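Student: Could you put together the complete structure from these sequences and hints?
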Amino acid sequence: MNNENLKRTALYEKHLKLKAKIVPFAGWEMPLQYDKITAEHITVREQAGLFDVSHMGEFKITGKASLNLLQRLVPQDISKMEEGKAVYTQFCNPTGGIIDDLIIYRLNDKNNTYNFLLIVNASNIEKDFNWIITNQNDTSEITVKNISDDYSLMALQGPNAVDILDILGIDIDNQPKRFRLKETQINNIECIVARTGYTGEDGFEILVNNNQAAMLWDSILKAGETKGLKPIGLAARDTLRLEAALPLHGNDIDENTTPIEAGLKWSVCIDKPDFIGKEVLIKQLQQGTDKIFIGFKMQSSRIPRQGCEIFQGGRIIGSTTSGSIAPYLNYPIGMGYVDKTSNTKTGDLIEVLIRDKKYPAEIVKRPFYKMKKR
Amino acid sequence: MSNLETPENIHCTRSHEYVIVDGETGIIGITQYATEQLGEIVYVELPEVGTTIPKGEAFGTVESVKAASEIYMPVSGTISEINHRLTSEPELINDDCYNEGWIIKVADFSKEDLEEAMPMDEYLSFIEE
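Chains as they are written, first to last, in this note's numbering: chain F, 8 to 381; chain G, 1155 to 1283.
FYI, nobody ran anything at the bench for these hints, they're computed from the structure.
Since the model is a prediction, treat every value here as computed from it, not as a measurement.
Check before you lean on any hint, since a few could be wrong.
Stated by the list, open to error - Below, simulated EDC-like cross-link-like pairs (lysine to aspartate or glutamate); rule was C-alpha separation at most 16 angstroms, straight line:
1) F/Lys43 x G/Asp1249
2) F/Lys43 x G/Glu1245
3) G/Lys1220 x F/Glu90
4) F/Lys364 x G/Glu1224
5) G/Lys1220 x F/Asp42
What the hints assert, rightly or not - One side only, chain F facing chain G, incomplete, derived with CB under 8 angstroms:
6) Lys43
7) Gln293
8) Gln306
9) Ser331
10) Ile332
Here a beta-carbon is modelled for each residue, glycine too, at the ideal position from N, C-alpha and C.
Tutor: Next up, the structure:
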């Protein structure tokens, strides 16, 4: 892609000042890192990090008919969602394949109907929006808006995130609980603060109007000075999510994998009325899937990457979808799909083909890293 | 990133390895430019001492957080020593690629091969392009 066609977030100048290494990502010029990737990763695990994730897409779906539309689009049960609640889910195609994964937030609505905010992956904004519009049959009582270009999103993640938000004036008792949100103000800046994230740590994602994003970014960084807060780039975001075994759309999940195959069964609710892909998902829940999603830990120092073949007993049984060194655990890890006929289970040894040579690995439970209870 | 002091008698390749001529020994590693491109190196695969490897063939791999990259022999030669410290401290390559971050040493290397490598000033203009 030509650099001239790349978009810049409202925080672009901030990243330049912070001497970030900027790279093209999903059509945006994004900060890859400000410091060493491993150092940034550990900062988020042990203290706190602030990410600019404004490339992510946001849609607003409002009006009476929005509940029925969303109920048809996702395998989660949205009908039980109260205002102020968030759920992780997917858009599936008729064969159950994952068009995108997303979080749906239910905002307060003055008109006593529905007000949903959807946060989707940057690379899929257009595709997702078209998918929603295509499946909308009652246009009279619903408004679907792509507000991605008007809003900035930042993520404040790590064990100290709670203290930092407290310093910013939202004391611990007033902070939203996990997978909940608050429409509030930070330093008089209107924003939506949700207790969600993509790092495997406690923390918040904060949605704010573009014109106040830079101000909010500075306020948060300043408030976090005594709490070890650092700006963190997309590279560490990727290693953090992998260590937490959170799937990445385009790597671990895509239109050819279903939530059941991807180990996301917990996010599929089959007791609700029809939704797109339901038949396939029910069948897979009842009969099992042909491929199984696994996590593995290398027994050598070689680092697996996406697309490495997985072997067992000399037979190829699958391939990797993500792989990296796990900076906090300090060994290489990966995820991937294996054929169900391999009957692999946790503790089994497999081999991963990395650059023409097979290296041993052990299938382990996901997540690789689990947040400590505090 | 700071500019490291570049040693004398250094020759670089288009694939960003260097060889420093130290008497009869050739000290081989990757250039500062290569380390900047790769980012933090977290693993180095080293060859065995005694192996003879021709110029242009891979003798090892460096892995950074984001990518893996083969390292090629800048000159033909027999490996006389490997930098064992890199096993536990691969970041030495990032921190000090021309000194403590050397990767292998070769004995009896081909002096003719050196002529095809670039002196540092030529290499620096090559990476500018």
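Student: It remains to establish, for every hint, whether it holds in the given structure.
Tutor: Tested hints:
Pair hint lysine 43 of chain F plus aspartate 1249 of chain G holds up; C-alpha atoms about 12 angstroms apart against a cutoff of 16 angstroms. Under the criterion of a C-alpha separation no larger than 16 angstroms, the hint pairing lysine 43 of chain F with glutamate 1245 of chain G is consistent with the structure, at around 11 angstroms. Note on lysine 1220 of chain G and glutamate 90 of chain F: the hinted pairing is violated, with a Cα-Cα distance of about 40 angstroms set against a maximum of 16 angstroms. Proximity of lysine 364 of chain F to glutamate 1224 of chain G is assessed by CA-CA distance (about 14 angstroms); at most 16 angstroms being required, the pair is judged to hold.
Under the criterion of a C-alpha separation no larger than 16 angstroms, the hint pairing lysine 1220 of chain G with aspartate 42 of chain F is consistent with the structure, at around 14 angstroms. Of the supplied interface hints, the one on lysine 43 of chain F holds, with its beta-carbon coming within about 5 angstroms of a beta-carbon of chain G, less than 8 angstroms. Interface restraint check: glutamine 293 of chain F against chain G, minimum CB-CB distance 41 angstroms, threshold 8 angstroms, status violated. Contact between glutamine 306 of chain F and chain G, as hinted, is not supported at the beta carbon level, the nearest pair being about 14 angstroms apart and thus beyond 8 angstroms.
A least Cβ separation of about 7 angstroms between serine 331 of chain F and chain G falls short of the 8 angstroms threshold, and the interface hint therefore holds. Checking isoleucine 332 of chain F against chain G by beta carbon gives a least distance of about 5 angstroms; that is within 8 angstroms, so the hint holds.
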